[in-house]
Amino acid sequence: MGGYLQYVQTLDYQALLPAMIVGGTAVIALLADLLLPRRIANGTAILLGVMATIMAGLYASLSYGVHYLAFGGGFVLDGLSVVFQEIVLLSTLVTLMLFNRRGVSEDRPAYVALVLWSSTGAMIMAGAGSLMTLFLGLEILSLSLYCLCAIARDREVAKEAGFKYLVLSSTASGFLLYGMALLFGATGTVTISALIHPATGIHGLYALGMGIFLIGLAFKLALVPFHIWAPDVYEGAPLPVTAFMSVATKAGALAALARVIYTAIPQPDAHWLLLPTFIFAAASMLVGNLGALAQTDIKRLLAYSAVAQAGYIVAALAGATELGIRSAVYYLAAYAFMNLGAFAVAALLSSDREEGTQLVAYEGLAARQPLLAAAMTFFMLSLAGMPITAGFLGKIFILSTTIHTGYWPLGALLVIGSAVSFYVYFKVIRAMYARVERFSHPEVRPPSQLPWIAVAICAVAVIVLTFVPVMPGDATFFVK
Amino acid sequence: MVPVQMSVDPNAYAALSALMFFIGVLGVVLRRNPLITLMSIELMWNAANLSFMAYSRAWLNNAGHIFTFLVITVAAAEAAIGLAIVVILFRPRAQSNVDDAMLLKG
Chain A
3 MGGYLQYVQT LDYQALLPAM IVGGTAVIAL LADLLLPRRI ANGTAILLGV
53 MATIMAGLYA SLSYGVHYLA FGGGFVLDGL SVVFQEIVLL STLVTLMLFN
103 RRGVSEDRPA YVALVLWSST GAMIMAGAGS LMTLFLGLEI LSLSLYCLCA
153 IARDREVAKE AGFKYLVLSS TASGFLLYGM ALLFGATGTV TISALIHPAT
203 GIHGLYALGM GIFLIGLAFK LALVPFHIWA PDVYEGAPLP VTAFMSVATK
253 AGALAALARV IYTAIPQPDA HWLLLPTFIF AAASMLVGNL GALAQTDIKR
303 LLAYSAVAQA GYIVAALAGA TELGIRSAVY YLAAYAFMNL GAFAVAALLS
353 SDREEGTQLV AYEGLAARQP LLAAAMTFFM LSLAGMPITA GFLGKIFILS
403 TTIHTGYWPL GALLVIGSAV SFYVYFKVIR AMYARVERFS HPEVRPPSQL
453 PWIAVAICAV AVIVLTFVPV MPGDATFFVK
Chain S
5 MVPVQMSVDP NAYAALSALM FFIGVLGVVL RRNPLITLMS IELMWNAANL
55 SFMAYSRAWL NNAGHIFTFL VITVAAAEAA IGLAIVVILF RPRAQSNVDD
105 AMLLKG
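Order-wise, the sequence lines are chains A and S.
The numbers in the numbering used here rise by one with no breaks, and the one at position 335 of the first sequence is 337.
The numbers in the numbering used here rise by one with no breaks, and the one at position 42 of the second sequence is 46.
Simulated from the structure, these hints should not be mistaken for laboratory data.
Please note that the accuracy of each hint is not assured.
Which chain A residues stay away from chain S? Per the calculated CB distances, all over 12 Å, these [stated by the list, open to error]:
#1 Ala34
#2 Pro39
#3 Ala43
#4 Ser63
#5 His69
#6 Lys161
#7 Leu170
#8 Gly187
#9 Leu295
#10 Leu373
#11 Ile455
#12 Met473
Short derived list, chain S residues pointing at chain A, Cβ under 10 Å [as the list claims (entries may be wrong)]:
#13 Ser44
#14 Ser60
#15 Asn65
#16 Ala67
#17 Gly68
#18 Val90
For each label pair, taking beta carbons as the anchor points, the in silico distance ranges come out as [to be verified]:
#19 Leu373/A x Ala80/S: 47 to 55 Å
#20 Ala88/S x Tyr66/A: 38 to 46 Å
#21 Leu373/A x Leu34/S: 50 to 58 Å
#22 Val466/A x Ala83/S: 43 to 51 Å
#23 Asp13/S x Val466/A: 56 to 64 Å
#24 Val29/A x Ala80/S: 38 to 46 Å
Don't be surprised by glycine CBs; every beta carbon is placed ideally from N, CA and C.
Kindly produce the complete structure, drawing on both the sequences and the hints.
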């Protein structure tokens, strides 16, 4: 290890403060549940969560432009960690507003606490400078998510989803961990930026370790062929949890992947180590979009679409250029809001008894709730990459990156995959507009109107990203 | 690669840990009992632990020791949650077999 940790300074804790605010508020929310009457406790928990994410977000934004190695390099404060933390915090904020079904409200403070804890884990992953911090963040994120999946005890599928997620994700963690052990054996360090490929020749242990490690990460990102769990878990988990999972896990794992690609494997001659990852990404773009074609459940459809979208974002990292990481961050931010927006619409179509995720629930929506249908259309068009949406701009950035770095086959697959995805997303739009005469589906009264705020936040965010294509320059700066 | 002489060749540890990892993977893939699945996962994690310990000694760097403690702690939390989920999922059934969990079809 480069610097031995002798003195922990106040600055170290300041670097970690956003994550600590979020994690600490989870404890307060649980305590409030014990002390307050149930009627107030539910609202209080959500209010606390929202306040914590806003505070942490504002505090983290102050650190933008600061570069600091906290805890002897265990936690890195740089542009990358700040930007990814903001994405995680915003998705947490939106997720908290989706807990509107009474079916889950009995345990609502527990849900809020678990969401905040997994958000803490993702934030730690975003700044992980050592394999230990990375593993710890990943497990804080994952353990909370297992509980979140299985906690809705009234739904048999939720328990099953929790179990499947637990088994498959822990197996992936096993791969990740074993890869880390081999990397430690090959380099003698656990600091990510020091995990550099030994200079002479091809180092077998290093290559094997990096390969196993990247398979573990690919699993967490649900890249093909390690995506099998995603549709099942996304379908079984409660809707807000699915929404959170589809964004926060990906943000955390992408931050880790980006840090490994950009700091640990800087030499162009060691890039062949990453080739399998990019092949997975290429396969994800095709399989994800083709798999989404047949789905009639919005959650499954978005699960397959998330597989493809993860493929697009990973493709941007190929070649490890500055433009690459900037377009990856931009596309991830746009994807987060488009996806969360679609989930927020689904939450507004949910009743106490049933989640509004079947495609049938969307038929004729344009006549019943034109505003909601318009919002959903906007999110779907953006996910598909319709020109002049944020999704389109992001894809153009990624395409130009892949052409720039010579990974043009990835760019070609991105175009083909997007063409297929148009059919997928238009299926939803067609259901809302074309079959207006079929009024078979009963009117749904959502238990609360809170998700409207989530829809508004997401829509505004996507529009802002469209017209102000923010590509944070500082995201490219990595503290070695 | 290895700067220190150890009484047991570090490659022997590496081979044993690779074997443990492989048995763990096979257990997850082949065994149908959820408890054995969880045990196999633990085996995979412990294979990594063994590697960490051996390489830690070989490099004279105790980061590997610390990592192992971390992994053991996390594994305990993981086992607690895993067993809880197994209980709520399989309690209504007489026998526990992972193939029974098939409401969601990949």
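Hint by hint, which ones does the structure fall short of? 6, 7, 8, 24
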